[in-house]
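Engineer: Given these sequences and hints, build the entire structure.
Which chain is which? The protein sequence lines are A and B, in order.
Number 165 in our numbering belongs to position 165 of the first sequence; there are no gaps in the numbering.
Number 283 in our numbering belongs to position 283 of the second sequence; there are no gaps in the numbering.
Treat the hints as calculated values from the structure; they're not laboratory data.
Here the structure is a predicted model, which means the values were calculated and not measured.
Do not take every clue at face value.
What the hints assert, rightly or not - A few chain B residues facing chain A, derived, Cβ under 10 Å:
(1) Gly84
(2) Ala169
(3) Ile343
As the list claims (entries may be wrong) - With a straight-line cut-off of 30 Å between C-alpha atoms, the simulated DSSO-like cross-links for lysine-lysine are:
(4) Lys23/B - Lys89/B
(5) Lys221/B - Lys162/B
(6) Lys99/B - Lys18/A
(7) Lys137/A - Lys167/A
(8) Lys23/B - Lys347/B
(9) Lys18/A - Lys89/B
(10) Lys88/B - Lys18/A
(11) Lys18/A - Lys40/A
(12) Lys18/A - Lys42/A
Quick reminder that beta carbons are idealized off the backbone N, C-alpha and C, glycines included.
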Amino acid sequence: MPRIAYPEPILRLISGLKSLPGVGPRSAERIAVWMLGGGKEKADAIAQAITEAREGIARCEECGFFLLQENPCPLCSDPERQGDTICVVEQPTDILPIERTGAFTGLYHALGGRLSPLDNVTPQDLRISPLISRVQKRRVSEVILALGSDVEGEATAHYLAGIFREKEGLQVTRLAQGLPAGGGLEHADELTLLRALDGRRGMG
Amino acid sequence: MLHSLQLRDFRCFGQTSLHLDGKDAVFIGQNAQGKTSILESICVLLRLQSPRAGTLREMVSFESNEGFFIGGNWSDRQLNFGYGRRLKKLSVDGSTTRKTSDYLGRSGHVVWMGNGDLQLINGRGEGRRRYLDFIGSQIFPDYLSALRCYERATRARNNLLKNMPVPWAQVDAYTLLLVQHGEVLLRRRTELVTLLQPWVADAGSSLSRSTETASIAYQPKAVLGTLARALEESREADARRGQTIVGPHRDELALEIDGHPAGTFGSEGQQRTFALALKLAQARLLAERDDAEKPILLIDDIFGELDVTRRNALLAYLPEDSQKLITTTHLDWAEMERIECDIYDVKAGQLSRHQAS
Ligand SMILES: [Zn+2]
Chain A
1 MPRIAYPEPI LRLISGLKSL PGVGPRSAER IAVWMLGGGK EKADAIAQAI
51 TEAREGIARC EECGFFLLQE NPCPLCSDPE RQGDTICVVE QPTDILPIER
101 TGAFTGLYHA LGGRLSPLDN VTPQDLRISP LISRVQKRRV SEVILALGSD
151 VEGEATAHYL AGIFREKEGL QVTRLAQGLP AGGGLEHADE LTLLRALDGR
201 RGMG
Chain B
1 MLHSLQLRDF RCFGQTSLHL DGKDAVFIGQ NAQGKTSILE SICVLLRLQS
51 PRAGTLREMV SFESNEGFFI GGNWSDRQLN FGYGRRLKKL SVDGSTTRKT
101 SDYLGRSGHV VWMGNGDLQL INGRGEGRRR YLDFIGSQIF PDYLSALRCY
151 ERATRARNNL LKNMPVPWAQ VDAYTLLLVQ HGEVLLRRRT ELVTLLQPWV
201 ADAGSSLSRS TETASIAYQP KAVLGTLARA LEESREADAR RGQTIVGPHR
251 DELALEIDGH PAGTFGSEGQ QRTFALALKL AQARLLAERD DAEKPILLID
301 DIFGELDVTR RNALLAYLPE DSQKLITTTH LDWAEMERIE CDIYDVKAGQ
351 LSRHQAS
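Structural biologist: Structure representation (structure tokens):
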């Protein structure tokens with residue numbers, strides 16, 4: 001027996017919204033209905049912003065952060081930054097919280113994720129080869145691993161430490177414990193990050 | 001003490017509430033009417049896991065595809081656990097706790113006794129490890145997170161070992177995690193078995209009223225401090241089998257009656273007694289450790305199976321001021337001289353005060 005249901009395009013919109021991080025089925029439905037009614041104009045603006053961001057924004061070849069045009073990004077091309085220290089993070093978004101502490105003056109490198117065999121994420125899926133070539137090219141003396149403190153983050157840190165172990169004159173360190181467990185850096189407040197950065201230790 | 005319980009869409013229960021006021025209670029019902037689910041919901045509320053096998057998802061009632069809610073007034077605080085398809089929500093006294101460990105740290109201790117306990121004696125090692133893990137997570141603050149990390153790292157490592165050629169650089173990264181978290185488990189399990197052993201012996205002799213000695217011994221595949229070396233030595237074998245063959249996930253808890261393995265040597269009566277002794281030891285250990293709050297005892301459908309002597313011995317050995325919630329199919333066994341409690345009928349997911357016939 002046919003029952004009343006949303007037309008196809010609305011269902012597609014709902015299922016698209018539902019696939020966004022942090023959006024459940026109920027909210028997806030509510031947002032979709034809003035976009036078709038009271039929020040129509042805002043929805044158009046959002047649609048346009050998404051297209052522009054997708055098409056106009058590139059990634060810095062060096063650190064992986066978002067940029068508009070010039071490559072490398074302003075931070076990577078800043079002569080004042082210490083080129084012999086690289087801080088490795090999982091996501092480009094992790095760069096901002098560390099930058100806000102003002103305590104780090106080196107360069108960054110976003111991997112674009114972390115190793116996870118259970119989710120089929122291998123070293124080839126991450127920006128690990130670019131990291132190795134940056135380290136070789138620039139006589140880097142310290143690589144700081146600022147990765148999540150959950151199983152995947154820790155495993156990625158051990159993996160990278162293993163890769164750089166044989167390299168002479170290079171020290172691999174990691175942030176001190178005390179960061180929120182099971183997550184990236186976005187939940188850490190400034191003071192915690194500052195302490196974690198100050199208390200960084202060498203990896204065996 | 002559990003003062004009240006609220007359920008929504010948990011297994012066969014729609015909207016249900018129960019006022020216990022910290023007292024003991026007996027739930028009478030035929031099979032599949034929901035009496036075990038009441039006890040299970042309390043275990044899930046307090047420990048966020050079921051004593052029965054299965055996932056939280058399976059506990060959502062058939063009528064609801066969204067999720068379930070369990071709330072309860074434990075001691076002086078209100079614990080709420082909402083489980084949905086996408087998120088879990090935990091709160092204590094109305095304020096949300098993000099970390100599971102914070103919630104569990106303010107929750108209560110649980111002992112579950114059921115018919116499945118016999119498998120602790122004659123079943124696979126996995127059940128005995130789960131017995132240790134369930135107690136370990138309740139008394140050591142670092143146990144559960146070490147266990148979860150160890151399990152996840154082991155799954156990832158096994159997954160990598162199935163590749164040809166084996167990506168050793170990645171495997172080795174996980175080996176370090178196995179050592180880090182595995183050593184925590186080894187130390188805690190060693191400690192735990194030492195704490196449990198005297199209670200097991202004592203409970204065993206109280207229950208059997210004999211000279212038999214029940215004893216337990218922790219038998220790890222690699223003992224404390226040697227896990228790194230053991231994993232190093234088993235590299236080849238791990239690669240051949242495509243899985244990690246040493247470590248706490250392969251540990252044994254040996255159970256013996258007068259020096260003989262209980263699983264193969266003991267009679268069924270002896271095995272039942274041993275299974276009870278393990279749970280009573282858990283109850284006494286939890287009760288003696290924590291002066292402020294006694295564990296709650298969830299006793300599922302075992303009284304009908306015990307003879308009078310064992311039943312009385314069991315009741316006598318339970319920690320005195322612990323709250324006991326008991327399910328049964330009939331009250332024939334109960335002279336009730338030892339239990340002052342409320343009695344409920346459970347029928348088709350409905351709770352009502354028992355009408356004496
Ligand atoms: Zn850059």
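Engineer: None of the hints should be skipped; say for each whether it holds.
Structural biologist: Hints, verified against the model:
Taken as an interface hint, Gly84/B checks out: its beta carbon lies about 7 Å from the nearest beta carbon of chain A, inside 10 Å. Because the beta carbon of Ala169/B sits about 6 Å from the nearest beta carbon in chain A, less than 10 Å, this interface hint is met. The beta carbon of Ile343/B is not positioned within 10 Å of any beta carbon in chain A (closest approach about 41 Å), and the interface hint is therefore violated. This hinted pair checks out: Lys23/B and Lys89/B have alpha carbons roughly 28 Å apart, not beyond 30 Å.
A C-alpha spacing of about 22 Å is found between Lys221/B and Lys162/B, which places the hinted pair at or below 30 Å, so the restraint holds. Restraint check for Lys99/B and Lys18/A: satisfied, since their Cα atoms lie roughly 25 Å apart, inside the 30 Å limit. This hinted pair checks out: Lys137/A and Lys167/A have alpha carbons roughly 13 Å apart, not beyond 30 Å. For the hint pairing Lys23/B with Lys347/B, the CA-to-CA distance comes to about 21 Å; that is within 30 Å, so the pair holds.
With a C-alpha separation of about 19 Å, the suggested pairing of Lys18/A with Lys89/B holds against the 30 Å cut-off. A threshold of 30 Å between alpha carbons decides the hint, and for Lys88/B with Lys18/A the separation of about 17 Å falls inside it, so the pair holds. With a C-alpha separation of about 19 Å, the suggested pair Lys18/A and Lys40/A falls inside the 30 Å cut-off, and the hint holds. For the hint pairing Lys18/A with Lys42/A, the CA-to-CA distance comes to about 19 Å; that is within 30 Å, so the pair holds.
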